[in-house]
Every structure is written in structure tokens, then in C-alpha cells.
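Participant: The lines below spell out each chain.
There are 2 protein chains.
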Amino acid sequence: MKAAKNKKILLAHGGGGRLTEQLIRHNILPKLRNDVLAKLGDSAKLDFHSESLFFTTDSYVVKPLFFNGGDIGKLAVCGTINDLAVAGARPLALSLSLIIEEGFEFAKLDKILDSIGQTAKENNVDIVTGDTKTVEAGGVDEIFINTAGVGESIEGVELGLDKLEATDKVIINGSIGDHGLSVMSQREGLEFQTELLSDCAGLGGLIGQLLENTDGVKFMRDATRGGLAATLSEISSGSKLNIEIHEKNIPIKPSVQAAADMLGFDILTIANEGKFVAIVKPESADDFVKICKAHPLGKETSIIGKVTESSGEPTVRLITKIGGKRIIQMPYGRELPRIC
Amino acid sequence: MKAAKNKKILLAHGGGGRLTEQLIRHNILPKLRNDVLAKLGDSAKLDFHSESLFFTTDSYVVKPLFFNGGDIGKLAVCGTINDLAVAGARPLALSLSLIIEEGFEFAKLDKILDSIGQTAKENNVDIVTGDTKTVEAGGVDEIFINTAGVGESIEGVELGLDKLEATDKVIINGSIGDHGLSVMSQREGLEFQTELLSDCAGLGGLIGQLLENTDGVKFMRDATRGGLAATLSEISSGSKLNIEIHEKNIPIKPSVQAAADMLGFDILTIANEGKFVAIVKPESADDFVKICKAHPLGKETSIIGKVTESSGEPTVRLITKIGGKRIIQMPYGRELPRIC
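Just so you know, the protein sequences line up as chains A and B, in that order. For the first sequence, our numbering assigns the number 1 to the initial residue and increments by one for each residue that follows. For the second sequence, our numbering assigns the number 1 to the initial residue and increments by one for each residue that follows.
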């Protein structure tokens, strides 16, 4: 019950790491107890007239609102589509709720709405319901957006951490750290020779193709807040299995690595907005990678490691480029406020 | 295209009146064009495997967070339940997204979460998915909450403004203005002999009973932002029929009237959080009222008027207590910031 000691909310409580987990497990879950919520999946899976209905929500508070590779609107649409997709669902419809500061420029609002409309269209998902609130100047920083989403199951697909076994492959669909370091660099006013670009993208199309054409996918999660480190930690602790990944196989852009080094961040803990981690049975891994590489959002897909048996506390291990071993822990959570 | 003239967002754009309507119709809808959203119902109605799926969202920014009769947590659960219920749906599950200011006290958060849990339980709805974000001090005022909700249709029930006819009765389930004036009075530090109490309540139970036991309900809407005036204006303009209501039949608590007079508000434009307006065919009206009056949330139910033919611009008319006539217009929207 560590959370009880903190009398006040810290920024780190929203960082997607250990403090977020404590807040959820110690403060939120006990008050709202039910079996669906307790699973803490990317989406809730509900029984709806003998079909499965997937349901998810996210609020977006990213700063700055416009960043290289996207904006808060694109992020809000992609983020919720991705939470449905990685749960094994076909995204059907989104809600959109805006909280806008008095004095916010219509020009900016229009640009964000354009982006929302275009991203929804590209991802073949309609915004079907919404809400708009205004708050006095100073009550909110420019604009916050919430999207919720509903989806339907893809026939024959059932994902779950309980399906994981030793020898399963760990696959990521491209380079890590791009989103978080793009946003942070812009916020800090840093410039690099190569412009950093957020990977913000809707993964519904690619994941749909994967789930419809390979039968060996066991689990997926988008590596957002807390980055690859948090995602792998959750997979390991949830499945009670170890994960072993190879540093040399993790795609990282040199400019992103340079930014991480300059800002003092561990790139494994940095948020991504267009990357999933998939756990795939070994005999399906090659097909999976092939489909990914043929898709614009998966050209750099890489098998980064595998699931292994655990005899004690489930652990994520990184084999470094020089052959050393490093334990990857769930990040504490203070790294990056307002990155998504 | 009046909205285009305003270069910046005004508080009134969130007031639920004419400016909100302009913002939605001129700035938001054109960017997100689709048939379901264009209906602007309290909930979207989607086809889902030959069943109807209802989907809605609302963000809550009420200030103060704790008010007589409720708090932001209770409001967030009830508001979304009510948006589903008035659309003719049985609320099934909610999402919960918190945006919390750094430094917010855990004691307050726990109180709000208690309230959310208890209200969800009382209304027989689970919170099944969620999100938690933190924002630096000053980036958000204490805490904002978004809830989205999904629901299923109640057999045989189909509500719509296209079903309205002259002679249909206009019914409200109790006194108006209680929520908005309770919150405003508390914010302004006003005290009255009788304590003002928000009417914040989940209407799913009462509306479920009504829809399952009477077949004459044609349309319902909860009279929140913009109050009874906005709700009746929307019903009139959406159905292209006139509405005539009698001031003497509108339940108003004397203390609420006193507060409205003191603060200079037209009570018809004040937000309610536990009141619906129902349009019911005449021969079902007595049964409808009877069921309401037997329920704790409908004891003061009153038939306040009727639908009449319109030969020109659809109009809402109030017959005053002394027999005069007053046109009720869609409020402009500036009245009450952060009331829900």
C-alpha cells in the first residue's frame, strides 16, 4: 500500500510506470471492483448479445499540441484505435470529447479537427458521438481531448497473456522512442541534424491484416507510456514468464538515440505511438514479420527476443550489444509528463 | 457561418446554447461528417451484429468538485447513464478517464472514486475500462473526468423526434434549476434559508421502468446545459413543431427561484442533472406520470404542456402564470460556466 503514503498526486502517477500501476491498483480498482476492469487490458471485452464488444478510452494532454509527425487530434484518434486493435478488435467507432480553454484560437481548433477527421477517415472509423466543454482561461492548458472507442472481435481471434509459452517470439513493428523524443526535443527547443518525427499512426489496418492472416498471434500491446520497458514488464509479470530481448535487434534511429543521450533518458522507457509488441508462436513468426514488412507501418519490423521459462520472479532481460545482461524494470514513471 | 467571425473560443461556446450549437454545426460536424454523428442525439445508435449499440461520452469540469447533493464523480457517472437512458437504451458499462493536476490531494481523489464506485453500483453499471493522466500544477484545475458509456436497446423501444405529433404531452420528472443554482450559489458563497441541493441522479432505473411499461413514449432528453429552454428548443426545431408549456405547471422550488432571482438567471436556462423531458402520446400520459410518481426520482412529475402544429418557424411558447405569452428561445450560452 505504498500509494497511501503519498498524500498528493505526483506527475509520475501519470507516467505509465510503477506509480501509475500503484495508483490504479491501490486507489482506483478497489473502489470500482469488477472482473472486466480488473484485467486492465488495453480494451475491455464485454459480452453483448452473444458477440464480443470491445470498449476503451484515453485522454490526451500532449504538449505542444502540434509536433513533428502529428498533433493532439491525430494522437487522440490513433491512440484509441490502437488500444482496440492490440486487444484483437476491429475498431468500429469513436467518441470525441473536447475540453477547450477560453481564448483558444479557432485556427488551431480547426487544424486539430481537420487532423481528427482525416485520421478517422484514413483508419476507416467514424466519430459518432461527442461533447464539447469550455473552461475559463487558466483552468486548462489550451485543449485536452478524450476519445473512447468500440470495436468488434475478429473471427477466430482470442488474445491473452495466459496463452504465452516459452519459445514464443517477441516482435516489434519498428523503431522505438520516436514519439516521446520528438515531442520532448520540440518542447526543450533542441534541434538535431536529422529532424525527429513522431511515429504516431493508427495500427488498426496492419493489425487487422496480421490477425486475419496468421493464427499464431498470442498477445499484443502498444508500447506507449513507459515505453518498451513498461510493456515488456507488464507482459512478463502478467504471464509469469521471463522475456529475453537482444539490444542489437531493437530498431532505434541514430537521431533518436542522440536525443535520448542528450536529454538523459533511457530510450526503452520512452513512449511510442505507432508501435506494438506482439508475442507470436515461433512457427508463425516469419509469416508475421513478412506481412509487417510489406505494410508501410511495419517496414522495420524485428524479432527482438523470446519468452523463456521463469523459476522465480518473472524478469525481463536485455542482452546488450557487447554480450552483457541487464534487467529491464518497470520504469518508476517520472520521465515524461504530457507526452500523450 | 457566424462562428467563423469569432477568432477565439468563448466560455459561451461550452454553455449548451446557441454558440455551442454553432461550434458543433459549423466547426466540428463538417470535419467529421457521418450520418450517425449528424443526428446529434444524446447517444449514437450503431448497428452491431444486428443489434443496436448505444454509445455516448461527456467530460465533466464542474467547479467546485464537491457540491450539495453530489460531486464530480457522481455527476460523471449519472450524466453518461442519463445520456444512454434518454436515448432509449439500457446502460451497460462505462469508461472512466481522469486528468489530475499534480499536487491534487489523495483524500479528495479517494472521495471522488468512492462516489464513482457507489453511484455505478446503485445504477447497476460497471466501470470496465479507464485511463489516468497527470498534468503539471496549473495545467488543469484540480481534476477533470470523462466518462463514455455503452448501452443496449430496450425491446420494442424506438425513440425519435420524427415521431412527434400535435397533442403529444410534454412531461418533466420534477423541479428545474436545482443543480445549476446549487453549484452557482456555492461558488458565489451565497447562503439561503433552505439549502439548495443538486438533483444529480442516475435516471436509468426510472426510464427503464417507463420504457418497459408504457408504449407511448416518443422522445426523451435530459435537460442539462442550457436547461429546459435549450431542451425544448431542440425538440421544437428538431421536430419542426411548436411546443406550448404552462409556467404554473413547471415545478420550481421556492429557494431555487430565490437564488435565480438574486443571481439574475432565467431559471428555464439553468442546467439540471436528474431531469428528463419526455414527449408522450396523450393516451399514455397518465400511466407515464403514475409510474414516475411511484419512483423516488419522479415524485414531482408534471405534465407541463403539449406539442402543437407549427405553420412557420417552430416555436416554444410559455403561458405565464398571469396568462401572458412568452417565446422561449435557445439560450445564447454564456450563463453558467463549469456547471457540469
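Don't read these hints as lab results, they were simulated from the structure. Quantities reported herein were computed from a predicted structural model and do not represent experimental measurements. Please note that a few of the clues may not be correct.
Pairs count within a copy or across copies, as identical chains cannot be separated in the list.
[Stated by the list, open to error] No farther apart than 20 Å at their CA atoms in a straight line, the calculated lysine to aspartate or glutamate pairs in the DMTMM-like style are these:
hint, residue 1, residue 2
1, Lys293, Glu313
2, Lys7, Glu122
3, Lys253, Glu51
4, Lys63, Glu101
5, Lys321, Asp287
6, Lys63, Asp141
7, Lys63, Glu142
8, Lys240, Asp261
9, Lys8, Glu101
10, Lys7, Asp261
11, Lys7, Glu142
Participant: Give me the numbers of the hints this structure contradicts, sorted from smallest to largest.
Facilitator: 1, 2, 3, 5, 8 and 10
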